[in-house]
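*Asks:* Since chain A is already given, all that's left is putting chain B on it; use the hints.
Chains as they are written, first to last, in my numbering: chain A, 1 to 362; chain B, 363 to 542.
Because the hints were derived from the structure by calculation, they are not lab data.
The C-beta atom is built at its ideal place from N, Cα and C for all residues, glycine as well.
Incorrect hints may appear among the rest.
What the simulated footprint calls covered on chain A by chain B, stretch by stretch (three residues with Cβ under 8 Å from a Cβ of chain B suffice, anywhere in the stretch; the number is not a length) [claimed, not checked]:
#1 185-197
#2 210-224
#3 227-241
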Amino acid sequence: MVQWDAGAQQDLLKRWQEEIARHGKRMANAMEVSLRPSENQVGQTPRDLIYRKGKARLYRYRRAAEVVHAVPVLMVPNLGISRPTIFDLQPGNSFIEYMVKQGFDFFLLDWGIFGEEDNGLTVDDCVVGILPIMVKKLLQASGASAVSLLGYCMGAPLSACYVALRPESPVRNLVNMAGPIDFEHAGLFSTWMNQRHLDVDKLVDTFGGVPADLIRAGFKLLKPTADLSTYTNLWWNLWNDRYVRSFKALNTWANAYVPIPGCFFKQWVGDFYQGNKLIAGELYLGGRRVDLSQIACSVLAVGAETDFIAPPACVKALIDVVSSRDKEYFELHGGHISLIAGRQASKVAWPAVSGWLGPRSQ
Amino acid sequence: MSTTSSSEEMLAQWKESMQRGIDAWLSVLGRIPQPDISQFWMPFLTQGMVPFSQMASQGGSPELLQQWKRCVDQGIEAWSNALEKAMATETFASAFGKYLDQYLDTVGPMHKEMKKAGEAYLKVLGLPSRAQIAEMTSQMSWVESRIEELEAKIEQVLAGLAAVQAALEKGATENRGPSS
Chain A
1 MVQWDAGAQQ
11 DLLKRWQEEI
21 ARHGKRMANA
31 MEVSLRPSEN
41 QVGQTPRDLI
51 YRKGKARLYR
61 YRRAAEVVHA
71 VPVLMVPNLG
81 ISRPTIFDLQ
91 PGNSFIEYMV
101 KQGFDFFLLD
111 WGIFGEEDNG
121 LTVDDCVVGI
131 LPIMVKKLLQ
141 ASGASAVSLL
151 GYCMGAPLSA
161 CYVALRPESP
171 VRNLVNMAGP
181 IDFEHAGLFS
191 TWMNQRHLDV
201 DKLVDTFGGV
211 PADLIRAGFK
221 LLKPTADLST
231 YTNLWWNLWN
241 DRYVRSFKAL
251 NTWANAYVPI
261 PGCFFKQWVG
271 DFYQGNKLIA
281 GELYLGGRRV
291 DLSQIACSVL
301 AVGAETDFIA
311 PPACVKALID
321 VVSSRDKEYF
331 ELHGGHISLI
341 AGRQASKVAW
351 PAVSGWLGPR
361 SQ
Chain B
363 MSTTSSSEEM
373 LAQWKESMQR
383 GIDAWLSVLG
393 RIPQPDISQF
403 WMPFLTQGMV
413 PFSQMASQGG
423 SPELLQQWKR
433 CVDQGIEAWS
443 NALEKAMATE
453 TFASAFGKYL
463 DQYLDTVGPM
473 HKEMKKAGEA
483 YLKVLGLPSR
493 AQIAEMTSQM
503 SWVESRIEEL
513 EAKIEQVLAG
523 LAAVQAALEK
533 GATENRGPSS
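Isolated chain A (complex conformation):
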């Protein structure tokens, strides 16, 4: 039998009282989260539409502070799969808000929400058609003579292709955040999408494009226990109003999957995943060979230790192939999303990216 002294008893009683109070709060918040699991108010950082081409939109975020960095930043997110609201979840938990407060003139390329009418969109259209015009319009709007490209996930290889095809383009800095470059090391997706197992033409010919539900199923299968873990952590932290607000904002983003256009998906899987042509220098876009060694601007690659979508080896590969003299690789704790959203991101990843870009944006 354990002997307790009065002090320990008081302490124990206090802790039980706290736990009971927390439990009461959990019950109250549980009702609220069940009735309203998503937060409608995401993407609140004020912005203006600068240009539109097809479904693609170029947004400029309004200055929250004096612009101290002369070189504007163009963020290039993934095409399809999910909405770019992950970069601007809510005030205090927004990568875009953070960068704007750091004094960057920040632009975002929103590829749009695709439908059947977009199934003819190709990787060539994005890299050779849309990206150049967006960069041009950005420079016109900002009055700058150079730009930093910040690619996240799929946006990173697309940005790298653009810079490699146009070494004369006014790109001063290229940042790759969790973007796969060497698809031999791209984890489970490269195993499942191997040409021995996946007939991508059949998939696209059946549906025209890749429906959002199929994309959702694929990503859920990558980590089947993710939902269990998410809801366990949610229950555990339900007493914390701030946690609940963050969860709802993230839930809004996490449930908004976007279809991928058919022709784009065929090329993406065939040339990038199955053929691994980007790193091999065998990729042709717009009739020209994409040679990553043509990239000579400053390059930063940021990988995440436990990223199972773009494992560190496949992100770091960019550093090994570019001819830039100023190039760096960071590897941070966490997974694919933890680089761009959450407490860890705001404390580690965002300052790392901002700290690297700042001196190179004068």
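*Replies:* Coordinates of chain B only, in the frame set by chain A:
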């Protein structure tokens, strides 16, 4: 009624595909050695017993819940690692590919029929079909591209004119020379 018979056909097709899918899975499972499930559960139970025995010796405390949570987290992580190892195998990838193939074989004709039925319905209502809207969208994209090309040409012409004007002004300044 043709509508009833086509929906019955679709239902029969779906039932057949479900059966074929189950048969395919069973034949794949029959070919691979079945995992020893106790190997899967044993680490979870063993990890769980350690904090529980600690709890029993320490007596009741809110730390119980912390330890329970840790136990659950470790269990989920153990599951996740085991599943990841299983899904990274060629066998799984092959089975998954075959399943997807089967799914597409089933869904493909159904999808086509539903699309046809949808188009027919829109036609009856006098509304434009998806193909017509897609065509209109691509025409608009073409117009956008033409406008962009024209903008680029105008910018070139303006840049050329600006260069000519600058050259003329420079020439005029040189001709005037230093004022006497």
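*Asks:* Run every hint past the structure and note whether it holds.
*Replies:* Right, here's what the structure says about each hint:
| no. | hint | result |
| --- | --- | --- |
| 1 | 185-197 | holds (count 6) |
| 2 | 210-224 | holds (count 3) |
| 3 | 227-241 | holds (count 4) |
Of the numbered hints given earlier, the model fails none.
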